[in-house]
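Residue numbers (our numbering), protein chains in the order written: chain A, 1 to 95; chain B, 1001 to 1641.
Accuracy of the hints is not assured; some may be wrong.
For each label pair, taking beta carbons as the anchor points, the in silico distance ranges come out as [unchecked claim]: (1) B:T1194 to A:D65: 53 to 63 Å; (2) B:T1205 to A:P34: 43 to 53 Å; (3) B:I1203 to A:D65: 49 to 59 Å.
Computed list of chain A residues with no C-beta within reach of chain B, every gap over 10 Å [as the list claims (entries may be wrong)]: (4) S12; (5) K17; (6) D33; (7) K40; (8) L43; (9) I51; (10) G58; (11) E80; (12) E89.
Honestly, the hints are just simulated from the structure, not real lab data.
Think of the CB as a built atom: it goes at the ideal place given N, C-alpha and C, for glycine as much as any other residue.
Chain by chain, the residues run as shown.
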Amino acid sequence: MQQLQNPSSSESTPILKIQAWLVEQIADVLSIDPTTIDVKQPLTRYGLDSIDAVTLVGDLEDWLDLELPSTLLWDYPSIEKASAYMVEEFDVTVD
Amino acid sequence: MTLTQYQLAEKLEQALGNPQQADSLMSFQHTAELDEAEQFPHEEIAWLYNWGLQNYYIPTDCGGKFTSFEEFVAFVRVLARRDLNISIAFTTLFWSFLTWMAGSDEQKEKLSHLMREEHTAMCLAYSEREHGSDLVGGGVTATKVEGGYLLNGEKWPINRATISGVTFVLARTDPEGGNRGLSLFMVEKKDLDTSTYYNLPKIKTHGIRAADMSGIGFSDCFVPDSMLLGQEGHGLELGLKGFQITRALCAAFSQGAADTTMRTTLNFAVNRKLYNKTVIDMPHARRTLSNAFIDMLICDCVNIGAARGFHVATDQFSVWSAVDKYFVPVTLEQVMKDTSVVLGSRFYMRDEHDSGVFQKALRDSAIISMFDGSSVVNLHVLILQRRQLAKARVRIRKKPEKLAVVQDRLEQSFSLSQPVPTFDPTRLELISRGADDVMQGIEGTIAKLEALKKSGDSAVDLLRPDPAKPAQDVLSQVLELAHVIREELDAQDVLITESAFEHGHDQSFESFELAKQYCQLHAAMACILMWIHNRELAEMGDFFAKGEWLVVSLHRLLSHFRMTPLLSSGELPAAYHENVAQELLRLHKADKMFSIVPFQLAQSQLAPPPSTQSSSAQSHPNQPSTQEATSHATAPEPQLI
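So that you can see chain A by itself, here it is in the shape it has in the complex (with noise of 0.2 Å):
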């Protein structure tokens, strides 16, 4: 796949809005602040266990209606990288 769109170019690429949408849904999991999460940082160390992580990678299928694999925030398994993969790997197109 292409990637559809340099990840800095500007606010609105798909990278960060993907990352944007990790941010809101971890914290919401988690029940911390959204400002606390760092995009660069192991999801695990927010708590966030591998079944969530799983489960979170369907609401993510769901979201950008798109089969993705679910071990995705394993091996991708900070907000950046996750992100990264999925707009390099996938068509991703975000409304």
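Following the hints, put chain B in place on chain A, whose structure we already have.
Chain B alone, transformed into the frame defined by chain A:
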């Protein structure tokens, strides 16, 4: 004629003999003695290897004879109805599926050889004393060194930790690796330096007292690279997928145990006279047992459907196996408790009435709902997927082409006359992405029932032996109850979709209750699917075809949901209950499995030979006589420590 996939179970039955006869290999008396002595059943397990049963755990492309999980669960029931010590100890062989799933060709060949030729047994070393079912939190480490890894730490409690040749060990290979920091090893103990590992003492347990329930510890234990199974870091994924396989198979242990508690209770109830009446003729006892039998048939539909579905809807097994592993053992535990009321105080005795087999089966089976993920773990797996299941069901209803594919898959999963495709473990997925054919097929199944009803003089009527019980009535009732399933599922889906979703381990008590209800609705659908796809199959018999059992089953399952009458006609016809009781007594008298597929069990040597309809009377071609087998069985397993 018995369905092909049940013939192996019949052959094993005949080879083992009637367990009520004290001189049979795994008689209730003998297995009770082993249990009382807390003595591992070495001889009986050696007999099973000599008989060649291990071959049916090895796929044909790996040199074995395994082709179908439906066949597998049938023979596990044959073992389990005799003794859970033996069946659980032998069936740890199903962990070999980890190797069939993820091993290299060389590893597969090696394990196949070990099982077939050297009669090696195995155990699964995941749990740890301090971490329970929290696999990621485990403390056993595997540190990379030149040419291999050094294992350190203890696994406990592990079934067959001591008496096994191969140990599947889950260990952390990367301290910072999170969910990808665990790896799985297929450790052949004979290749280890014996000074670097040790076994923990046998744990005294409430049931399966003859089991080797112990543990294993490692101290800088070197394991070569060749023992790593799959990729480094993929241990958790493999482990969780492996559980999907074994969870569904565990239900067969409970089914075997429930068959025995029912059989021994009937041995009492048909002979015992009180107040000038036989116990079985007393209304309360009769209905208690016929209801218990219905619950057993419901479990059959769930577990046989799942066993076949493995081959068809493999990627949905995070849902199917969780339903099966929760629903079947828990339902059958209740069946045993209900049945015990009829047996009375004898259910509690250790050396009376069929060698005290009731209390033993009750004790032994109590662990099944805990094995390989407890009931709570399985419900949790469902809760986490429940919202997606609800959403996916809404989506798929708008896509007729996808619904048609669901119907095709359901036919393959539930139609017992159809061969199943080869099981492909690489199709297992950690989540089902909202798919559950059984529930997504509800509208299509209702449409089929309606079409059957409309056809009026359909094949159903031709099968009807008794004009007083018009099959159209049965169809109408099944349809009414199928609509109740749909209404309840719709209501639950809306509730789930609209309510706040909790992740992780903060699930409410109510969420667990909803997950239990999902299992009951799934079970109800499995019953309808089993009937609709097999009612014309001659091998299933008239009782199955008439479908009264189905109406009673659905009524029992759905009565948990509503206080108001489920049927417009009011109560269930009394004749339905009576016909269920008659079938139960018929199977008991004929020594047949209490099942929707009532295959022939070993009969007493004094009893008349099995009917000519059964192919079961022939002994296994490679089967030595019982006398020979017993003498072979004196040799201990070569791999045992």
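Compare the structure with the hints numbered earlier in the document and write down the numbers of the violated ones, lowest to highest.
-> 8, 9 and 10
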